[in-house]
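Peer 1: Each chain is listed here by its residues.
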Amino acid sequence: MDLHLQTMTELAAGLERGDFTSVELTESLLQRIAAHNDKLNAFVTITTDEALAAAARADQARIAGSGGALNGLPVIHKDIFCTRGVMTTCGSKMLDNFISPYDATVVKKLADAGAVVLGKSNMDEFAMGSSNETSYFGPVHNPWDLECSPGGSSGGSSASVAARFAPAATGTDTGGSIRQPASLTGTVGLKPTYGRVSRYGMVAFASSLDQAGVITRSSEDAARLLGVMAGFDERDSTSIDQPVPDYLASIGDSIKGLRVGIVRQHFDQGLDEQCGARVKDAIAVLESLGATTIEVDLPNLDLSVPTYYVVAPAECSSNLSRFDGVRFGHRAENPEDLLDLYCRSRGEGFGDEVKRRIMTGTYVLSAGYYDAYYLKAQRVRQLIADDFKQAFANVDVIAGPTTPTPAFKLGDKVDDPITMYLNDIYTIGANLAGLPAMSVPCGFVNDLPVGLHLVGAHFAEETILRCGHQYQQQTDWHSACPEAFE
Amino acid sequence: MSAAGLNSGWEVVIGLEIHAQLATKSKIFSGSSTAYGAEPNTQANLVDLGYPGVLPVLNKEVVRMATLFGLAVNATVARRSVFARKNYFYPDLPKGYQISQLELPIVEHGEMSIADTNGNEKRIGITRAHLEEDAGKSIHEGFDASSGIDLNRAGTPLLEIVSEPDLRSAKEAVAYMKKIHTIVRYLGISDGNMQEGSFRCDANVSVRPMGQEELGTRAELKNLNSFRFIEKAINIEVERQIDLIEDGGTVVQETRLYDSDKDETRSMRSKEEANDYRYFPDPDLLPVEISEEYIEAVRATMPELPVAKQSRFVDEYGLKGGDAEILTASRALADYFEAVVVATDATAQIAANWVIGELAGALNRDGKDIGDSNISAADLAGLVSRINDSTISGKIAKQVFEAMWEGEGSADEIIAAKGLKQITDSSAIEAVVDKVIADNPGQVAEYQAGKDKLIGFFVGKVMQETKGQANPGQVNQILKDKLKS
Amino acid sequence: MSLDKDQVQHIAMLARLKLSDEEYAVSVEKLSKIVDFVDQLSEADTADVIPMAHPLHAAQRLRPDEVTETDDRDRYQENAAAVTDGLYLVPKVLE
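From first to last, the protein sequence lines are chains A, B and C. With the working numbering as the guide, the letters of the first sequence map in order to residues 1 to 486. With the working numbering as the guide, the letters of the second sequence map in order to residues 1 to 485. With the working numbering as the guide, the letters of the third sequence map in order to residues 1 to 95.
Isolated chain A (complex conformation) (with noise of 0.2 Å):
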């Protein structure tokens, strides 16, 4: 099978045999790159160089016998995560310049595992977007239709991915970011628990709801990576100090006997017809696998959308204060004054979407507000936390639609915020409940992929990974390749 075609796993599997050196394979995906990139702009920075030199390394590690458990293997970073010596630009022009002087800690642990990182993607400019088009440069465009959007905020990520530019690249989640790009570009989407994988070096946007994760076209190759990416870290206060189990180990455990909780709200919605009968069928598999579905109530779900757009904008308004020219980043030239040198600086620096939400924010937390806006949003967010762990009482897995609608087109929905913001209802609550979750491609709708969504109780990523696989094990949609870049 073409390199360029395999998972993960069966990469791993070829390198061991010696059928093809990891340089070999890096080249090969490196001359894809070059080849098709310019279709869907999947890159801000494409690391030829350095993906060669690690790649070289693996091969002589795989020799010594002292490879880590992803030598060799090629990755692609979200541009959100720093970089040592890389451009890491987070999609904006604030940081259009800027080297980072170290690594984050999920960076590291890739790294020290043998990857070898083909190139940063680009995103929605700091993670705010579900469109992957407020990217300063330019954006995204889905593999499936070159017309439409591959979702966001990990666009170039999933586009990656489903371009089969490498098998995996990771990504960040605050509202779905991960979990609707894969929905939307037929790929595996995995966003664990909240303080499972350290958020040391990647750039935050709203922190209590950030993580970190990975995109693949396997549920194997998302337990593999998530493998290497979890785990304590100490620079992180909010990581949690639990082990990570072997999450390969139980994938190949049936499901026989998994409660899979149905929302009831879920198909009330604005939700696609097909899509919804996609995700029927999906759920339907799981079932014909011994799986019992029981209805579960979520009655808070609604809110969670303007939960989210209370909570996010307020951290992020925060979070992006330290991007005022003096340090780091865009500087405005000859300000006039401090305070020019800050408005200016910002003003160019930042694309419209984040300084709205950044000005939404603001609003949210100013003086005479904050009691009605983020703190009433921080009760209801507790409120929607109950519910799942309510449900979860008596379910193992909550599956659902991840989207209400495959990809749309490219300035589509721009102008309108609300409807934008419409297209995360179905995951916001796992970020809100700090829940692990992803995203399963299901089928197609209109010859555009749709995913099945899981929600796990906290640290449950194990059986929504076995559920992924064991579902992948039925169906192959998830191996479907879009006909430009097969």
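Just so you know, the hints here were simulated from the structure itself, not pulled from any lab data. Nothing here was measured: the structure is a model prediction, and the numbers come from that model. Here a beta-carbon is modelled for each residue, glycine too, at the ideal position from N, C-alpha and C. Honestly, I wouldn't trust all of these hints.
Unchecked claim - With a cut-off of at most 25 Å between alpha-carbon atoms, the simulated SDA-like pairs for lysine to any residue come out as follows:
hint, chain 1, residue 1, chain 2, residue 2
1, C, K33, A, Y370
2, C, K92, B, E39
3, A, K39, A, L448
4, A, K389, C, A44
5, A, K389, C, Q60
6, C, K18, A, D340
7, C, K33, A, L271
8, B, K137, A, D340
9, B, K421, B, N471
10, B, K86, C, Q60
11, B, K232, B, S206
Stated by the list, open to error - Some chain B residues near chain C, calculated using beta-carbon distances under 7 Å:
hint, residue
12, K25
13, S33
14, N225
15, Y317
Unchecked claim - Have a look at the derived ranges for each label pair, beta carbon to beta carbon:
hint, chain 1, residue 1, chain 2, residue 2, range
16, B, E220, C, D71, 53 to 61 Å
17, B, T42, A, D112, 26 to 34 Å
18, C, A25, A, E348, 46 to 54 Å
19, C, K33, A, E348, 21 to 29 Å
20, C, A47, B, N275, 26 to 34 Å
21, C, D48, B, D144, 55 to 63 Å
22, A, A34, B, Y36, 53 to 61 Å
23, C, E29, A, N446, 46 to 54 Å
Dock chains B and C against chain A, hints included.
Peer 2: Chains B and C in isolation, oriented as in the chain A frame:
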């Protein structure tokens, strides 16, 4: 200037906010050093610089130090406290927010007693003490149109101690501030060095007509970095406010700087008025949870506090209250004193006299702290013992002290080297007395004629002859005997 | 609840964002929509609900008081646009 408060029908209300830098090795949220005086930005790591992607992790020492402080001032140590972000833009604040504590501070409802203006004991409430990070520094000298920012100090841990507005005069404010200063040094949680900025004070000052319950509008005085300045600044501000109101004006709530050259306060107009800090709990930090066991474990390490030590010095050593107060002004001084007492048979009062007198004099003269004393407690005890056993007189001892201070050796070494042993041999003294009498027939005659005061002249002559080493008591006795005609 | 231009200007100032007149106009409209949208939250019954501090009810971990960082100033300052004698430069700050 009159004592404004009492005489003119006005009451002064003062609250103090003290920022004490905690004496940790590393910063509150990062592993950078807190050492003073380094080259600019050489102690500012990525966390301190607020780089994209970095995160804070709390230093365990600051929790211990804050807990210790809370216990020392009879406050409640919160079982659960929360860090909050105080959002504003300023070049010395790299993240664009300061991590502080708002609604749930680590310490609340404490107290400290001071002597009020009449000398009576007065309780001053301590509303709260909370942890926060310090900002960096801006440097303006040497630049034309720019300011240079040094972030070495950014992230240094601070304990902000807020008093209730219970202080009623500048003197009370200074007394309170001194007590807090002493306590934090006693506890070893801050070096209290005001010149280096590790102990800073802001004062909230307002006035109201005597008898009025409602508080007047307050002004916040900043940049008060000595006890003297605080007293002057508060007094001058009180005068300003009273004059303003009596002239028909109103006090504006604002921040004012004290200018020690001109002895006046002026408004900090360039600072933002009414900043909206948009406080919210910092999502990068989790609530700090402190158990009962932890609090008790910290309590068990509490050193003897100044008030208790002072009482004990009076009871155990029989010292005068005033002396005890001076000796317990710092733990280091008190420990030094006790070390001297332990090592000598002389009375504690004599030891106290020497510590408070000669030793303090030498330390002051050389601008030193007790910790840098040229003479160790053991060596001072050695000196005091030699007075006690009459090897030398008190007067000679001062000479010996100076020599010891110059590093010439121990008391015994110096006494031996300089031959300063007191002469107590009666026959030797008699010989000198005989000589003096023989040499000064005129004065002898006057003395014998009734001019008793001349005994001093003769004593002086004998001392001169013996280079001050003759035992004064014996000299006196022998002279009197021999001068009796 | 709609916002007016003054409010938006105040917010932009708090956030140190310079906006053009056009951006202001668009912002007023879009922010008003967002605020209207999130006003839904007021309908929720949250009496007695403690605001969530964290999704997991964990407590802050403490690190030992040790100096772990070495001076890397020059490397970090490569990212700064204006530095002199190790100091970051900004237009003169009046105090």
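Peer 1: The structure should be examined with respect to each hint, and the outcome stated for every one.
Peer 2: Evaluation of the provided hints:
no.: 1; hint: K33(C) - Y370(A); in the structure: holds, 18 Å
no.: 2; hint: K92(C) - E39(B); in the structure: holds, 21 Å
no.: 3; hint: K39(A) - L448(A); in the structure: holds, 18 Å
no.: 4; hint: K389(A) - A44(C); in the structure: holds, 19 Å
no.: 5; hint: K389(A) - Q60(C); in the structure: holds, 23 Å
no.: 6; hint: K18(C) - D340(A); in the structure: holds, 8 Å
no.: 7; hint: K33(C) - L271(A); in the structure: holds, 23 Å
no.: 8; hint: K137(B) - D340(A); in the structure: holds, 21 Å
no.: 9; hint: K421(B) - N471(B); in the structure: holds, 10 Å
no.: 10; hint: K86(B) - Q60(C); in the structure: holds, 19 Å
no.: 11; hint: K232(B) - S206(B); in the structure: holds, 15 Å
no.: 12; hint: K25; in the structure: holds, 5 Å
no.: 13; hint: S33; in the structure: holds, 5 Å
no.: 14; hint: N225; in the structure: violated, 15 Å
no.: 15; hint: Y317; in the structure: violated, 36 Å
no.: 16; hint: E220(B) - D71(C): 53 to 61 Å; in the structure: violated, 36 Å
no.: 17; hint: T42(B) - D112(A): 26 to 34 Å; in the structure: holds, 29 Å
no.: 18; hint: A25(C) - E348(A): 46 to 54 Å; in the structure: violated, 19 Å
no.: 19; hint: K33(C) - E348(A): 21 to 29 Å; in the structure: holds, 25 Å
no.: 20; hint: A47(C) - N275(B): 26 to 34 Å; in the structure: holds, 32 Å
no.: 21; hint: D48(C) - D144(B): 55 to 63 Å; in the structure: holds, 60 Å
no.: 22; hint: A34(A) - Y36(B): 53 to 61 Å; in the structure: holds, 54 Å
no.: 23; hint: E29(C) - N446(A): 46 to 54 Å; in the structure: violated, 33 Å
In this structure, the earlier hints numbered 14, 15, 16, 18 and 23 are contradicted, and the remaining ones agree with it.
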